[in-house]
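Engineer: Protein chains in written order, with this note's numbering: chain U, 1 to 282; chain L, 1001 to 1226; chain G, 2001 to 2407.
Hint data in this document are derived by calculation from the structure and do not stem from the laboratory. Since we're looking at a predicted model, the values are computed, not measured. Do not take every clue at face value.
[Claimed, not checked] SDA-like, lysine to any residue: derived pairs with alpha carbons at most 25 angstroms apart:
(1) G:K2156 <-> G:P2029
(2) G:K2261 <-> L:F1037
(3) G:K2261 <-> L:L1043
(4) U:K194 <-> L:F1033
(5) U:K217 <-> G:W2398
(6) G:K2206 <-> U:Q3
(7) U:K198 <-> G:V2063
(8) U:K275 <-> L:F1033
(9) U:K275 <-> L:M1076
(10) U:K243 <-> L:F1111
(11) U:K152 <-> L:M1076
(12) U:K194 <-> L:F1111
(13) U:K6 <-> G:V2063
(14) G:K2261 <-> G:T2181
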Amino acid sequence: MTQDLKKTQFERRIIFLTLFIVVTLPLIFPLGLKTEITPLVQNAYDMIETAPDSSRIIISFDYDPSTITELQPMAQAIIEHCWRRGHKVIATALWPQGASMADAAFSFVIENGYKDKQYGVDYVNLGYKPGGTVTLQALGRDFQTIFPSDMKGTPISEIPAMQGIAKLGDIDAVMSLSAGDPGLMAWIMVASDKYKVKVSGGTTAISAPGFLTYVNKNQQLIGLLGGLKAASEYEKLIGVKGKATVNMDAQSVAHVLILVFITIGNIKAFRIRRKTRNAQMN
Amino acid sequence: MILTLIIGIIVIVSEFIPHPPFGRLTQTFESWFLIIFGFAIILGQISLVQVNLNKISRREENWIYHLIGLISLFVMVVFGLLWGTLETGGLLGQGESIQAAIGTKPFDYLFDNVYIPLSATMFSLLAFFIASAAYRAFIIRSFESNLLMITAVIVIIGRTSFGSFLTGWLPERFSFFHIPLLTDYIMEFPNTAAQRAILISAALGVIGSSLRIILGIERSYLGSDK
Amino acid sequence: MKRCFLLFALAVFGFSAFAADIFNILDKPWDEGTELLIKWDLSSVIDSIHISRADSAGVLGIVHVSRDAKGEFTEGKLQPDTTYVYSLIAFLRSPKTSDHVYLSKTDGSALIVTSRQFTNLPDTLKTTLTIDSSPKYVSILKAEGFPTRDWFNRKKLPLLFLLLVLSTGILVFIVLAHRGTDLFIRRINGLDAMDEAIGRATEKGKPILFVPGIGELDDIQTIASLSILSHLAYKAAEYNTNLIVPCKTSMVLSAAREVVKESYLRAGRPDAFRNEQVFYLTDDQFGYVAGIDGIMIREEPAANFFLGTFYAESLILAETGFGTGAIQTAGTAQAHQLPFFVVSCDYTLIGEELYAASAYLSRDPQQLGSLKGCDFGKIVLISMIVIGVIFEISGSTWFTSMLNMVE
Chain U
1 MTQDLKKTQF ERRIIFLTLF IVVTLPLIFP LGLKTEITPL VQNAYDMIET
51 APDSSRIIIS FDYDPSTITE LQPMAQAIIE HCWRRGHKVI ATALWPQGAS
101 MADAAFSFVI ENGYKDKQYG VDYVNLGYKP GGTVTLQALG RDFQTIFPSD
151 MKGTPISEIP AMQGIAKLGD IDAVMSLSAG DPGLMAWIMV ASDKYKVKVS
201 GGTTAISAPG FLTYVNKNQQ LIGLLGGLKA ASEYEKLIGV KGKATVNMDA
251 QSVAHVLILV FITIGNIKAF RIRRKTRNAQ MN
Chain L
1001 MILTLIIGII VIVSEFIPHP PFGRLTQTFE SWFLIIFGFA IILGQISLVQ
1051 VNLNKISRRE ENWIYHLIGL ISLFVMVVFG LLWGTLETGG LLGQGESIQA
1101 AIGTKPFDYL FDNVYIPLSA TMFSLLAFFI ASAAYRAFII RSFESNLLMI
1151 TAVIVIIGRT SFGSFLTGWL PERFSFFHIP LLTDYIMEFP NTAAQRAILI
1201 SAALGVIGSS LRIILGIERS YLGSDK
Chain G
2001 MKRCFLLFAL AVFGFSAFAA DIFNILDKPW DEGTELLIKW DLSSVIDSIH
2051 ISRADSAGVL GIVHVSRDAK GEFTEGKLQP DTTYVYSLIA FLRSPKTSDH
2101 VYLSKTDGSA LIVTSRQFTN LPDTLKTTLT IDSSPKYVSI LKAEGFPTRD
2151 WFNRKKLPLL FLLLVLSTGI LVFIVLAHRG TDLFIRRING LDAMDEAIGR
2201 ATEKGKPILF VPGIGELDDI QTIASLSILS HLAYKAAEYN TNLIVPCKTS
2251 MVLSAAREVV KESYLRAGRP DAFRNEQVFY LTDDQFGYVA GIDGIMIREE
2301 PAANFFLGTF YAESLILAET GFGTGAIQTA GTAQAHQLPF FVVSCDYTLI
2351 GEELYAASAY LSRDPQQLGS LKGCDFGKIV LISMIVIGVI FEISGSTWFT
2401 SMLNMVE
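Required output: the full structure, derived from the provided sequences and hints.
Structural biologist: Okay, here's the thing in structure tokens:
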């Protein structure tokens, strides 16, 4: 390994160690930093808030445990919001582990103040279906062909929360929490563009900029929750201090540390350039 | 290639002609895709087992890790088959005695306590790599890199709670310079404009690629240019 | 003559006095069988009309309310080839011979009975029921509709026009290229550097790593990636450099294996190909990344190629590869992942450069022609954007409305 590469490796290790320490401290000693609500999150919140009473909302769990830190708090906050408004929540998943994420989210919210919510009446978990966009297009024509029963094997015709839902167009709104493909993009293309169902969603912060193009006057996407900050904003809107709010302290401090690294990097680059220029002049 | 041509033309035409049989043909193709997709999963598992078994049998470097990988695969498959997962039972039922001992089914126990933390750990590497990439990337060398750095600083601060703290005192008429709002402006306008430009050109690339594939001009994905 | 005119006028008046109410349901033409056109023309003076549709259980639900005696309304989101039963209830201001009476019960619910039924009600019951002060009478009409799929969906007309223009442009340039016209294509550094990367790997005696992305085989980025793999595998076979291709999905595995095998065959080195070179890792996104990171750290490939669909794992791959000192080329059409590749990789193919790669590498005139056709498409789209902006600024929205027609 060359000298330069070894030096780069050493610098990276210093960066990683510093970041680890700086991120850990706010988790142990919370700073209580405040979050401001942004329009994108407000629009997503309003979509659920202004939906007619007892609306049927699909929450699509299109992620796996790797992105649980950013997306699970969103799921929990949205479920709580839906139940406060009296909406029925229908969980689907385009990723295999999404169904487990849905179960975990429902269990968490029920344990934290919603023990009266009944499976089948207030919420239902239809489970995972492969195929992505192709599956959603088939769902647009006939719900029962794709989801003949829920995860427990109960035919959907016997589930009270599913009464009157023959196809995707009968759903009042969709919230897709997505970490990649298939996910939010598929819901926008099929549910929003083709079947005119209201679609909003949440993604990891890293993927969020790519979906901003769909937040337009045609309302292909109504608002967007991008990352942990958006999850904490949503928690603030529903008046809950959840995991996202707690973890935002660490994220804020980490961002500041990255700015410090950028400054150090620039100082280092400036010194190298000056040294090179001096050497050339000599 | 003939199959690609015929199906490609049918799918394009079906987009504009709802009348049967075109509308139904697309649904049929979609169903075929789902069926093939399901069967293809088996192919992947066979490949995984073959590759790892070969490395183990030849005692290649780090063969022990390949053995651990295979054992993990089989353990999860066996646990899932025998006692099922969540509400679904397995060949030996719901495994009530095991659930009483460890609190949940074996498959779910390993999923919750091994798989989930491992997955979250891999994703959390991003935080460290973003830091090291930012240290390297945002160096002022030219006008463009200067612009990049200024924008990056605004967006990084705007995405934290410090953003509103730093500029929350600004009067209403200067609210444009409030960092979180400035961040939203940057993400909504310059960033979106650039993304749309890339999206549009990529979409044109898709049309060009698709036409080449449908017409049989491009055949390299089949393995041969001939 | 005068007598004939009088008789004619009387006939017309008489006809209009006894003109039938019209309530028609027509299939909306040139659609995908999801819309019905509901028309009504009532001879009486009305207060309002309610149009209801029966669901599968026969229960009526109001779909439209109007105060016009004559009008039409389009209902959408219907299922094609299904009979729909509609009912029009018109609240009239004056009675007709075959009218109904609209009653309100004390509990606030509504009841519609015929005049004859009302007359036969006992007085005691009549006192508990009230006739709404106005309207007093209702007329009920029923009709059926049957939406069918037509031979063309008119809402897709702008899309069809655009598709024809773009496709024609591409085909024209393909024909021109076929006839030997020299077409200039700018340099794409990432693709030019492919030979350099392979050469470096060969010198060092290290393998080449090719990651075809996490997309499925139906993703056009994956197909573009496999096209590049074909060229890369050919070069690797020629130089006798080891090639490692980990795949995320089984369908991509089988396609990639065929591509690499054929390339080795073309290079005259079928014996050098091993099935283990192209293998399946896992379907899990971060499990796949973990596996590739392990390969990069253990095998230390001298050249890494990340071409295809990538999401959040892009930076993890690129940074790990950077840490090993490999020369890296990345390419994706995922615009939000490009910055991470640009930062950590030596060369990055941005958006359409990935799709152009196969044409660029093969230098086949017909494929190059299609690239020029895409440039023509860009000119068309830029013109449309400029025209649209001018129209919007001038206050005319027909251009945008025409494009918004597309479903």
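Engineer: It remains to establish, for every hint, whether it holds in the given structure.
Structural biologist: Going through the hints against the structure:
1. G:K2156 <-> G:P2029: Holds. G:K2156 to G:P2029 sits at ~13 angstroms (cutoff 25 angstroms).
2. G:K2261 <-> L:F1037: With Cα atoms ~23 angstroms apart, G:K2261 and L:F1037 stay inside 25 angstroms; holds.
3. G:K2261 <-> L:L1043: holds, 18 angstroms
4. U:K194 <-> L:F1033: holds, 21 angstroms
5. U:K217 <-> G:W2398: Judged against 25 angstroms, a Cα distance of about 16 angstroms means the pair holds.
6. G:K2206 <-> U:Q3: Holds, at about 20 angstroms.
7. U:K198 <-> G:V2063: It holds: about 20 angstroms lies between the C-alpha atoms, which stays within 25 angstroms.
8. U:K275 <-> L:F1033: It is violated: about 62 angstroms lies between the C-alpha atoms, which goes past 25 angstroms.
9. U:K275 <-> L:M1076: With a Cα-Cα distance of about 58 angstroms, the restraint between U:K275 and L:M1076 is violated, given a limit of 25 angstroms.
10. U:K243 <-> L:F1111: holds, 21 angstroms
11. U:K152 <-> L:M1076: Within the cut-off at roughly 21 angstroms; holds.
12. U:K194 <-> L:F1111: It is violated: about 37 angstroms lies between the C-alpha atoms, which goes past 25 angstroms.
13. U:K6 <-> G:V2063: violated, 72 angstroms
14. G:K2261 <-> G:T2181: This hinted pair is violated, its Cα atoms lying about 34 angstroms apart.
When the structure is compared with the earlier hints, violations turn up for hints 8, 9, 12, 13, 14 and for no others.
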